[in-house]
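There are 2 protein chains.
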Amino acid sequence: MKPIRRSFAALAALLPITAHATDGTAWDIVSGLTTEVGPRLAGSEAEARARAWSVEKLKALGFRNVRAEPFTIRGYVRGTDSAMITAPVPQRLAVSALGFSGATPDKGVEGELVYFATLDALKAAPAGSFKGKLAFIDHAMMPAQDGAGYGPYGNVRRQGPAIAASKGAIGVLIRSAGTDHHRNPHTGATNWPQGAAPIPAGAVSVPDAELVARLAALGKPLRVVLALTGKTVDGLPSGNVVGELPGRDPSLPPILVGCHLDSWDLGTGAIDDGAGCAIVTAAALRAQAGGQALRTIRVLWAGSEELGGFGGDAYARAHVAEPHALAMESDFGADRVWRVGMRIAPAVGQRIVAALNPMGIVPSRSSEVEGGTDVEPIIAAQKLAVVDLNQDGTRYFDLHHTPDDTLDKIDPAQLEQNVQAWTEVLKIVANEPGSLAP
Amino acid sequence: MKPIRRSFAALAALLPITAHATDGTAWDIVSGLTTEVGPRLAGSEAEARARAWSVEKLKALGFRNVRAEPFTIRGYVRGTDSAMITAPVPQRLAVSALGFSGATPDKGVEGELVYFATLDALKAAPAGSFKGKLAFIDHAMMPAQDGAGYGPYGNVRRQGPAIAASKGAIGVLIRSAGTDHHRNPHTGATNWPQGAAPIPAGAVSVPDAELVARLAALGKPLRVVLALTGKTVDGLPSGNVVGELPGRDPSLPPILVGCHLDSWDLGTGAIDDGAGCAIVTAAALRAQAGGQALRTIRVLWAGSEELGGFGGDAYARAHVAEPHALAMESDFGADRVWRVGMRIAPAVGQRIVAALNPMGIVPSRSSEVEGGTDVEPIIAAQKLAVVDLNQDGTRYFDLHHTPDDTLDKIDPAQLEQNVQAWTEVLKIVANEPGSLAP
Chain A
1 MKPIRRSFAA LAALLPITAH ATDGTAWDIV SGLTTEVGPR LAGSEAEARA
51 RAWSVEKLKA LGFRNVRAEP FTIRGYVRGT DSAMITAPVP QRLAVSALGF
101 SGATPDKGVE GELVYFATLD ALKAAPAGSF KGKLAFIDHA MMPAQDGAGY
151 GPYGNVRRQG PAIAASKGAI GVLIRSAGTD HHRNPHTGAT NWPQGAAPIP
201 AGAVSVPDAE LVARLAALGK PLRVVLALTG KTVDGLPSGN VVGELPGRDP
251 SLPPILVGCH LDSWDLGTGA IDDGAGCAIV TAAALRAQAG GQALRTIRVL
301 WAGSEELGGF GGDAYARAHV AEPHALAMES DFGADRVWRV GMRIAPAVGQ
351 RIVAALNPMG IVPSRSSEVE GGTDVEPIIA AQKLAVVDLN QDGTRYFDLH
401 HTPDDTLDKI DPAQLEQNVQ AWTEVLKIVA NEPGSLAP
Chain B
1 MKPIRRSFAA LAALLPITAH ATDGTAWDIV SGLTTEVGPR LAGSEAEARA
51 RAWSVEKLKA LGFRNVRAEP FTIRGYVRGT DSAMITAPVP QRLAVSALGF
101 SGATPDKGVE GELVYFATLD ALKAAPAGSF KGKLAFIDHA MMPAQDGAGY
151 GPYGNVRRQG PAIAASKGAI GVLIRSAGTD HHRNPHTGAT NWPQGAAPIP
201 AGAVSVPDAE LVARLAALGK PLRVVLALTG KTVDGLPSGN VVGELPGRDP
251 SLPPILVGCH LDSWDLGTGA IDDGAGCAIV TAAALRAQAG GQALRTIRVL
301 WAGSEELGGF GGDAYARAHV AEPHALAMES DFGADRVWRV GMRIAPAVGQ
351 RIVAALNPMG IVPSRSSEVE GGTDVEPIIA AQKLAVVDLN QDGTRYFDLH
401 HTPDDTLDKI DPAQLEQNVQ AWTEVLKIVA NEPGSLAP
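If you read the protein sequences in the order shown, they are chains A and B. All residue numbers for the first sequence refer to UniProt numbering, where the first residue is 1 and numbers rise by one. All residue numbers for the second sequence refer to UniProt numbering, where the first residue is 1 and numbers rise by one.
Keep in mind the hints are simulated off the structure, nothing from the lab. Take these hints with a grain of salt, some might be off.
Which copy? The list can't say, so a pair holds if one copy fits it or any two copies do.
Below 27 Å or equal to it, Euclidean Cα-Cα: the simulated DSSO-like pairs (lysine-lysine) are [said to hold, decoys possible]:
#1 59 <-> 220
#2 133 <-> 231
#3 383 <-> 123
#4 167 <-> 59
#5 220 <-> 131
#6 383 <-> 427
#7 231 <-> 107
#8 231 <-> 383
#9 123 <-> 59
#10 59 <-> 383
#11 167 <-> 427
#12 167 <-> 123
#13 107 <-> 220
#14 383 <-> 133
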């Protein structure tokens, strides 16, 4: 429960490496993005300001061929969000609309709130059993170092609203896909099947979900007034920002390092994903410290990741004709790298494992690699080599998609460990003349 | 940063006592108040519901002479709170009006926001220097086991708005008097000198205050739109709830144990002060476990503490003609008791120290005793004996007066340690036939 700042010493003590003197670049980027831009929802005027800021920043840092690459998206424009339990006792809930929620009238919708302890329990409810009612979907997500809970429990957010709608619910509330105990809801996009009519769908904070569960346990019917007035809008402007540190041999395919520039609107996008852009960019620069790298390193600060990976899709469409050598992404906060997974030429992989070993980073025992949402489309299209530097996610879902995603949550010591781990990898792959293919 | 729930094991390990089987009474009270009543702002309809709930609960627990003792107060009725930085970049702030804030129009007031790093810096600003401007008052409160930071840094909230108003400011924002790093502002009452015209006064969360400080450091003028539409209202209904466990000798003056029933409206009043009512009430009952105590124990669940200690004043007015033997209060959360301070007959004090020693509770090295806001007026009027069971306040000001003051923040193991420490003290003082006076 102690604030992050006070746990820096303990967290930094996890890092067995001799401290590298930080050059301040990573902190400067994430501090600038969160302070001078702030929240930057996909498709918004703020995301456009973020692109302008990013182009200037990358140029100032010495990147070449820096440009924004525009595209348009179907986005979500937030309105006013509120939820109030009206029976058996009045209690206000801390709520956020999910991205692509259906809209309520300004005064909201009111009805009985039917409690389900799990997504499976909702699935088992009879079709048509929600006439005039709303569903509440609870779950039991716990923290995990590798973030394993976000798959199954995140499905409550991704799938739950559509399932409730298919059974006739007039609205849905979920326990946030989060592991903290603060009155800050976790937003995020939900999915609707083609042709389905969206219903109002919101997430309440974990303490509010626990309150709903206790009220439901009293055995009296619950009622709720839910007002979520945001709208889904087509044709909103978005875009990626790319820049390069040219290599000594421009004929070799480049190394692509990605992150996303957009953020949810509740916080200021520090850990998700200002930190990722800070890490990959600072490492690309530091990898030149011993001399210009052999291969070009291209950074991709993608737009509109949060609403469906639109930036990654746009990048692949725009650049599929250019060969790439390898792609990596940082999009899991700012806490330390603890594990490396790879799909790469074995001899190169062995050198990476050896370089990361003194930093306490261990090889993954799984053959699965992820790449990340913003680079996955180009990885899939070109069957690229991939290195995953897995970060410690124990507290990631305390902050993810909440108002609490702010600069103070970033531990400078762990941010620096990320930059150094990325630098070690980039120094190897960007100076490898041979094929990186597995 | 880990949520409270996950740190129970670590916190419980601090408790050297052999675990007592909890009777569940304390948890039942604080769970009931937060779930079945919820927030209960002084003077509100919710506080009235809390009184009705409390009368029923105390009767059900076996207390006698249970009644509400009504009085009226000058209260604060919250409106809509919002704050938005508009320059140098748009950034929304998480804000709460302070109690007794002046009201803005619905659209708010707009002006330059002048940053002061400390209350002293504001005091040094020239009179009349705020024409059309608002003040931002920052500070550097840190956590302390004995809560020492709340005195000096809490003065930013108590005194800062009136000082800014005296220099012509049209509004004021402060860094919350808090030690957490969540986007949850800490509300609380502010004070206006007799005859002063209140100005709009709000507190922003600690991460937002840090953002304002970083924006101010950019060197460009800040502008803000502040809307705080709540109102100060006279003649609102409030009241205390009292109940007794009669002693074997009704001629002996009773032991008074206090807490407060009202809470701020942002959270549900779990640690402030549902836990206090839970602790004193459960301990009063458990002190009868070896047989009816010699002296009557009277519980006081005071109303309207948060707005100025109105319940304690009303209790003293109503009961000053009745002799009391000793008064104690619990109003510092639910974390473990670590120290005892006393003003009491020395022989009785020695027995209390000996009884608490096996629980890791040490005697205070200070001669100061506090009693607590709700019992201070009767202590002062009758020069009563006092026992202070000091709780660990290290994380108290992470939660105090915030939306995060919810049931999940209470560690059952530490709550139980409180009940047992109080029981040890009450068994001694309520069975002492001689004078308790120091």
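Right, here's what the structure says about each hint:
Only between protomers do residue 59 and residue 220 lie at most 27 Å apart by alpha-carbon distance; the minimum there is 23 Å, versus 62 Å within a single protomer. In this homomeric assembly, residue 133 and residue 231 come within 27 Å of each other (Cα to Cα) only inside a single copy, at 22 Å, whereas the closest approach across copies is 36 Å. Taking the shortest alpha-carbon separations for residue 383 and residue 123, neither the intra-copy value of 37 Å nor the inter-copy value of 65 Å comes in at or below 27 Å. When the C-alpha separation of residue 167 and residue 59 is checked against a cutoff of 27 Å, the pair qualifies neither within a copy, at 53 Å, nor between copies, at 45 Å.
Taking the shortest alpha-carbon separations for residue 220 and residue 131, only the intra-copy value of 18 Å comes in at or below 27 Å, while the best inter-copy value is 56 Å. Within a single copy, residue 383 and residue 427 get their C-alpha atoms as close as 22 Å, which meets the 27 Å cut-off; across copies the closest is 75 Å, which misses it. In this assembly of identical chains, residue 231 and residue 107 lie within 27 Å of each other by CA distance both inside one copy and across copies; the values are 15 Å within and 24 Å between. With identical chains, the CA atoms of residue 231 and residue 383 are never at most 27 Å apart, being 37 Å at best within one copy and 64 Å at best between copies.
Taking identical chains as interchangeable, the C-alpha atoms of residue 123 and residue 59 are never at most 27 Å apart, the minima being 52 Å within one chain and 44 Å between chains. In the homo-oligomer, the alpha carbons of residue 59 and residue 383 never lie at most 27 Å apart, since the shortest distance is 30 Å inside one protomer and 73 Å across protomers. Taking CA atoms no more than 27 Å apart as the test, residue 167 paired with residue 427 passes in neither setting, with 54 Å inside one copy and 59 Å between copies. Taking the closest pair of Cα atoms, residue 167 and residue 123 come within 27 Å of each other only inside a single copy of the chain (9 Å); across copies the shortest separation is 62 Å, beyond that limit.
Taking identical chains as interchangeable, the C-alpha atoms of residue 107 and residue 220 lie at most 27 Å apart only when both belong to the same chain, with a minimum of 25 Å there against 40 Å between chains. When the C-alpha separation of residue 383 and residue 133 is checked against a cutoff of 27 Å, the pair qualifies neither within a copy, at 48 Å, nor between copies, at 59 Å.
Checked against the numbered hints given earlier, the structure breaks hints 3, 4, 8, 9, 10, 11 and 14 and satisfies all the rest.
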